[in-house]
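*Asks:* So the chains spell out like this:
Number of protein chains: 2
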Amino acid sequence: MHELAASFFLQMAVILCACRVVGWLARRIGQPQVVGEMIAGVLLGPSLVGLLFPEASARLFTEETRGMLYIGSQLGVGLYMFLVGMEFRTELFRARLRSAASVSVAGMVAPFALGALLAPWLITVPGLFAESTRQHEAALFLGAAIAITAFPMLARIIHERGLAGTSLGTLTLAAGAIDDAAAWCVLAIVLASFGGDSAIAITAIGGGILYAAFMLTLGRKWLAILGRLVLRDGHVTPAMMAVILMFFCLSAWFTDLIGIHTVFGGFLLGIAMPRGPLTEGLTRKLEPFTVVFLLPMFFTFSGLNTRLEVMLQPQILLIAVVVLIISILGKGVACWAAARLHGEDNRTSLAVGALMNSRGLMELIIINIGLQMGIIGRELFAILVVMAIVTTLMATPIFEYVYGRHVRKAADTGSSDIDG
Amino acid sequence: MHELAASFFLQMAVILCACRVVGWLARRIGQPQVVGEMIAGVLLGPSLVGLLFPEASARLFTEETRGMLYIGSQLGVGLYMFLVGMEFRTELFRARLRSAASVSVAGMVAPFALGALLAPWLITVPGLFAESTRQHEAALFLGAAIAITAFPMLARIIHERGLAGTSLGTLTLAAGAIDDAAAWCVLAIVLASFGGDSAIAITAIGGGILYAAFMLTLGRKWLAILGRLVLRDGHVTPAMMAVILMFFCLSAWFTDLIGIHTVFGGFLLGIAMPRGPLTEGLTRKLEPFTVVFLLPMFFTFSGLNTRLEVMLQPQILLIAVVVLIISILGKGVACWAAARLHGEDNRTSLAVGALMNSRGLMELIIINIGLQMGIIGRELFAILVVMAIVTTLMATPIFEYVYGRHVRKAADTGSSDIDG
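If you read the protein sequences in the order shown, they are chains A and B. The opening residue of the first sequence carries number 21 in the numbering used here; numbering runs sequentially from there. The opening residue of the second sequence carries number 21 in the numbering used here; numbering runs sequentially from there.
Warning: the hint list may mix true and false statements.
Which copy? The list can't say, so a pair holds if one copy fits it or any two copies do.
Unchecked claim - Mimicking SDA-like on lysine to any residue, the simulated pairs with C-alpha atoms at most 25 Å apart in a straight line are:
| id | residue 1 | residue 2 |
| --- | --- | --- |
| 1 | 241 | 33 |
| 2 | 241 | 34 |
| 3 | 241 | 231 |
| 4 | 241 | 41 |
| 5 | 241 | 180 |
| 6 | 241 | 76 |
| 7 | 241 | 336 |
| 8 | 241 | 50 |
| 9 | 241 | 406 |
| 10 | 241 | 77 |
No wet-lab data here; the hints were simulated from the structure. Model, not experiment: these values are computed from the prediction.
The following block holds chain A by itself, in its conformation from the complex:
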């Protein structure tokens, strides 16, 4: 057990270094940090380091340390989704529901329609889906994977550039939030149905709905009491933080127990939290360590599962190109078209499309769940990793073409490090 600590610290030093170096390179070419870290994770895996230095790689990422990396990833992603949930502002749903409806519907209907179109073909290709995955599950999973948006990144870009009050800002924020919420719901349904056993599916779907309903009603009410305590104290005490982290762990454990995934527990708890000093204090205390230390563990864990060499097979490469095109059509182009039809000018519509099309970390979370739960295979996983990276890479150049380089602020401020 003693050696475990030494290898853990060495591993973390390598991971932090890789994520920072590639992240820095990404920022040099005007890309967000998150793209760099996504790529760094892939490079640390069998696609580069494992290929060039198989021995060093095997020594660094041993079987035992995989477990630690996995737990660190789960904790990081769970806390990250909790932070994202706290940032979700449900008033957006209400205030802009009608104006954003066309964009969000387009960004939801098109992906699921195209997912349904792709599924019958992809399910026949060995290695893409698990044997036990049924066609409707494959279609829904693909739909969710295409529909997801890097909502946190999108929100940060819009706020940083002072676009929150513009039609672009409100449109994208509301549409992105609605689409992401929908995609996560669909994923929960896929996970719930995937067991095959109908009793398991009923537990998962019923339990999930009941738990969500509980969290958004009674849970929200009880959490509001904690929010008032923080207002009274003036700051988030360690005891308060411990209580919230305990709820977080329980929520993550419970959603896993009923058969969906730990991230939902974090996300739901975040949404149910009362906005104000409590969420602000928690974000300040939890975000730095989560984003700087834990998320790189997730990028690496995900990268260790990514085998880009599958792209060397012509059929897989073809599928990758098709999936990429379909993803761009189903999300970016669909949202652009919806905005145009909605009466927006072309530049605004392009920006809406580009932002909605970037998937970032959110996509990695979804496909890692798919792989981990045995819904998809390594080939489709690699294809979707590439899709996530490419669509995220596309966003900034298009956005800058539309809004000009001069509005871009340095991304290196306190809280804008990872938004994907």
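Let chain A serve as the given structure and place chain B on it in line with the hints.
*Replies:* Frame of chain A, contents of chain B only:
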């Protein structure tokens, strides 16, 4: 691997709950949070939960989750020692060297003398030390275990009560810092010598001295550059935090590699850090998660190794009482006497003795290293856990007898949660 996440989250929920409940009870009777969490860890182990609910305990703390708990503990303790190192103010050594000399020398000489006295007896009792532990190692280890002070707790108490400028404050702060530094050096020597193999010992002692010299000269100089960058930027950027965490991991890995322990890597790096916005920003970003989430993992890991039922053996119980008395004599009484001889009044001297005598988390760190490295056995480990808890419990009542209850502030402020 998937089940690992669920058990981890459940385990953490239980751990956070236990630490908070017992910590809250401790505070109700005027004790610091740290004592509560130390006791909570012991209760979660085989001494209570494992005894009463063996099955539930085995299900909750499985072999696989032990590894996670261990890594979380190491990370937590390493980061904690890094934070403590950053709080260490070396100017205390210089400014008050002479005035604090008598107290600090007393708090160092007496423990090691008594440790040397105890060792020949204790080493003959089976189970207290490992077979391969030699008498001088046993003596030095006991000396360090008696000499250690809960420096962070002491510093916090003194600052919170506005005693930093008083003779009590300066005396205790300087003496505590010097004694702790000395105790850690001695522990490093014990660990270095313990391999038996002289080549290993030379690597450890030589490497440790060279590394410490490097960190406190060149390392400090280079880190000062980072400090100036933070002054220029106005805040600690995520990139800066990542760089420091990378150094932290490398430092922890390196000190482990040369044969001392990861905590020294964190501690040395902390001491070498330039004081100012960098250390303040890092403390704000790292302390909450470390103290609220990671340290409870350490308390639990330590508690799982604590078997209080060994106290049922009359000989062990006798030794425990003797060790406790010797520890109080060697540290608390010795420092009280030195302060009296130094011309302080009895109340001040009592307070100095009580504060210097409390060992808190620091003692747990030392004895866990001893157990983990195979220097001491489970019996002595349990004896020293009891000694740590009792001497820490003694501090507050004595201090309050001297300074009165009315000066005690609520301990529940942002950063005073765990100081041991």
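*Asks:* Now, for every hint given, state plainly whether the structure supports it.
*Replies:* Quick rundown of the hints versus the structure:
Proximity of residue 241 and residue 33 under a CA criterion of 25 Å is satisfied inter-copy only: 21 Å between copies versus 42 Å inside one chain copy. Taking CA atoms no more than 25 Å apart as the test, residue 241 paired with residue 34 passes between copies only; the shortest distance there is 24 Å, against 44 Å inside one copy. In this assembly of identical chains, residue 241 and residue 231 lie within 25 Å of each other by CA distance solely inside one copy; the values are 14 Å within and 54 Å between copies. In this assembly of identical chains, residue 241 and residue 41 lie within 25 Å of each other by CA distance solely across copies; the values are 23 Å between and 44 Å within a copy.
In this homomeric assembly, residue 241 and residue 180 never come within 25 Å of each other (Cα to Cα): the closest approach is 32 Å inside a single copy and 36 Å across copies. In the homo-oligomer, the alpha carbons of residue 241 and residue 76 never lie at most 25 Å apart, since the shortest distance is 52 Å inside one protomer and 32 Å across protomers. For the homomeric pair residue 241 and residue 336, neither the shortest alpha-carbon distance inside one copy (50 Å) nor that between copies (53 Å) is at most 25 Å. Taking the shortest alpha-carbon separations for residue 241 and residue 50, neither the intra-copy value of 43 Å nor the inter-copy value of 32 Å comes in at or below 25 Å.
When the C-alpha separation of residue 241 and residue 406 is checked against a cutoff of 25 Å, the pair qualifies neither within a copy, at 42 Å, nor between copies, at 43 Å. In this assembly of identical chains, residue 241 and residue 77 lie within 25 Å of each other by CA distance neither inside one copy nor across copies; the values are 49 Å within and 33 Å between.
When each numbered hint is compared with the structure, violations occur for hints 5, 6, 7, 8, 9, 10.
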